[in-house]
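Asker: Turn these sequences into a full structure, and let the hints guide you.
Line by line, the protein sequences give chains A and B.
First residue of the first sequence: 1, per my numbering; consecutive thereafter.
First residue of the second sequence: 1, per my numbering; consecutive thereafter.
It is worth saying that the hints were derived from the structure and are not from the lab.
Mixed in with the good hints there might be a few duds.
Copies of the same chain look alike in the list, so a pair counts if it fits in one copy or across any two.
[Unchecked claim] Calculated pairs, DSSO-like style, for lysine-lysine (alpha carbon to alpha carbon, straight line, at most 27 Å):
(1) K123 <-> K65
(2) K65 <-> K112
(3) K70 <-> K123
(4) K123 <-> K140
(5) K33 <-> K160
There are 2 protein chains.
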Amino acid sequence: MCQLLGMNCNTPTDIVFSFTGFATRGGRTDEHKDGWGIAFFEGNGVRLFVDHQAAVASPIAELIKRYPIKSKNVIAHIRKATQGQVTLENCHPFVRECWGRYWVFAHNGDLKNFDPVLDGPYKPVGNTDSERAFCYLLQKMRRHFGEVLPALAELTAFLKQATAEIAGHGTFNMMLSNGEALFAHCSTKLHYIVRQYPFTTAKLSDEEVSVDFAEVTTPKDRVAVIVTEPLTTNESWTQFQPGELKVFVDGEVCTSCSASG
Amino acid sequence: MCQLLGMNCNTPTDIVFSFTGFATRGGRTDEHKDGWGIAFFEGNGVRLFVDHQAAVASPIAELIKRYPIKSKNVIAHIRKATQGQVTLENCHPFVRECWGRYWVFAHNGDLKNFDPVLDGPYKPVGNTDSERAFCYLLQKMRRHFGEVLPALAELTAFLKQATAEIAGHGTFNMMLSNGEALFAHCSTKLHYIVRQYPFTTAKLSDEEVSVDFAEVTTPKDRVAVIVTEPLTTNESWTQFQPGELKVFVDGEVCTSCSASG
Chain A
1 MCQLLGMNCN TPTDIVFSFT GFATRGGRTD EHKDGWGIAF FEGNGVRLFV DHQAAVASPI
61 AELIKRYPIK SKNVIAHIRK ATQGQVTLEN CHPFVRECWG RYWVFAHNGD LKNFDPVLDG
121 PYKPVGNTDS ERAFCYLLQK MRRHFGEVLP ALAELTAFLK QATAEIAGHG TFNMMLSNGE
181 ALFAHCSTKL HYIVRQYPFT TAKLSDEEVS VDFAEVTTPK DRVAVIVTEP LTTNESWTQF
241 QPGELKVFVD GEVCTSCSAS G
Chain B
1 MCQLLGMNCN TPTDIVFSFT GFATRGGRTD EHKDGWGIAF FEGNGVRLFV DHQAAVASPI
61 AELIKRYPIK SKNVIAHIRK ATQGQVTLEN CHPFVRECWG RYWVFAHNGD LKNFDPVLDG
121 PYKPVGNTDS ERAFCYLLQK MRRHFGEVLP ALAELTAFLK QATAEIAGHG TFNMMLSNGE
181 ALFAHCSTKL HYIVRQYPFT TAKLSDEEVS VDFAEVTTPK DRVAVIVTEP LTTNESWTQF
241 QPGELKVFVD GEVCTSCSAS G
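Answerer: Next up, the structure:
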C-alpha cells in the first residue's frame, strides 16, 4: 500500500512543512520506499517530480523540502509497490491532458480484476492498476461530457458514481485535481484538516519539526491538507467515511459542489 | 527565439556537461531567460523539469547540473518568449501520451497564422504556437496510423511530411522523442555531433569546463548531441540543412529510418 498527500488552498502556499513529515514515511518512519512523486499546479501549468528511489534518499525530495514552490493544488504519493515494478513510469502522480487542462491523479490501494476496455485516447504507459484506473476515469469522463469541461457540480456528481464503480474492484483511495478543485475519494483511510485564521502552531509526528502558521500566513489564507494518516500530533484531523468523495476548492470542502451529487 | 538541446544515446548517459553549457545561455551568455525545461526518458517513464525562472537563476537547473540523471533520450529548451506569456504552462518541453507512450516535444522558432483545427484528443494548455504545433502533430499522427505505434521508417516518412507542412508557417526547429528515437527538424539552425570511441576531451564554449570523455565512458558507448548552436570549441559539429529531418537512434543518425522517407 501507499500513502497520499494533497493540499488545496485559496492562495498559493508552499507544502514544505507537510511534505517534510510525509517524505519521512518514504523509507524511514514507514515502509513506503518504492518511489515517490509530487505534482504542483502553478496557474494552468504543472510541475511533476517523480523518482523511483525512496523519498528519504532522493536528492529531488531534498530539493522540494528546501525550495518553497507555491501552489494552490498539490498531490503527492509515496509508494510501496503492490502491482507493477519499481520503475519511473509506475510512480504516481500521473498526469494527462483533457479539455486543454492537465489532470493529476494518485491512488492508494489495490484493485482486483480491474481490466476495463481502454479504447479511447488514454492508455497506460506503465503497468499499475492505478494508471489503468486513471485512464479509465478520463475516458469515461470524456465520453460522458463530450468536448467541454463541465461545471464543478456536474463533474462531482459524475466522479461520485465513477469512483464508486472503480472502488467495487478493491481499495480506491485516490486524489484527482485539475488545478481548480481537488477531489479525494476514500475507500479505507483518508484524513483532512482545514487550517485558517486564527492560525496556531503545528507539530509533525514524523520529524522534530514545528511551525507557527500565524507567522507565515495572512488572516485571509485557508489551506486544506488531505492525507492518509494525520501528519501532526497536536491538531484535530477529520477522518473520511468509507465510500466518501470530497471536493476541495479554495482551501475548504466545497459543500455546494457536492449538493447535486 | 529559443534554443534547443537534445541527446540520444545507446546507453543511459548523463547530460551534466552539455546542460551546464546550455543552461548558461539561459540568461548569462545569452538572452534566453523566459523559462526553461528538460525532459529525461528513463525506460518508458519521463522526468520533466520546467521552470519559468531563467535557467541561470533556477534551483532546479542547479540540481540537474549536480545530479547525474542517466537517460538515453533527453530534450531541453531555454526560452525567449515570442508568443505566449512567461508562465509555467508555456515552458517547453511539452509531454503528451499517445499509444501508451510518452512523447516529448520542444520547438524553437515562430509560426505565423498557424491555427489548425484541433478537434482530436490533444488540446493546448498554454497559448504558444509551439504547443499548438505539438497537439496538431499528435492529432495528425494518430489519425494517420490509427491505434497502433507504426514502425520507425513509417513514422519518419510521416514526420517528414508533417514537419514540412508546419514549417510552411514559419520557423520550425523542433525535437520530438518517444524514448526510442529522437527526431530533429531544422528550419534555420541546428547542429549535431556523435561522440564515440576513441573519445577525446571536449571544452565548453559557455563555461570554463572541460571533460575527458575517455574517462567516463566505455568503448561501446555512443552519444549524439543535437543543439541550436555548438556547445564546444574544440569539436567538429555538423550543421543541419534547412528543411532536414534527422532521426537519431542508439546515439547515431539512423540512415535506414530515413531511407523510406
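Asker: Determine which of the earlier numbered hints do not hold for this structure and return their numbers in increasing order.
Answerer: 1, 2 and 5
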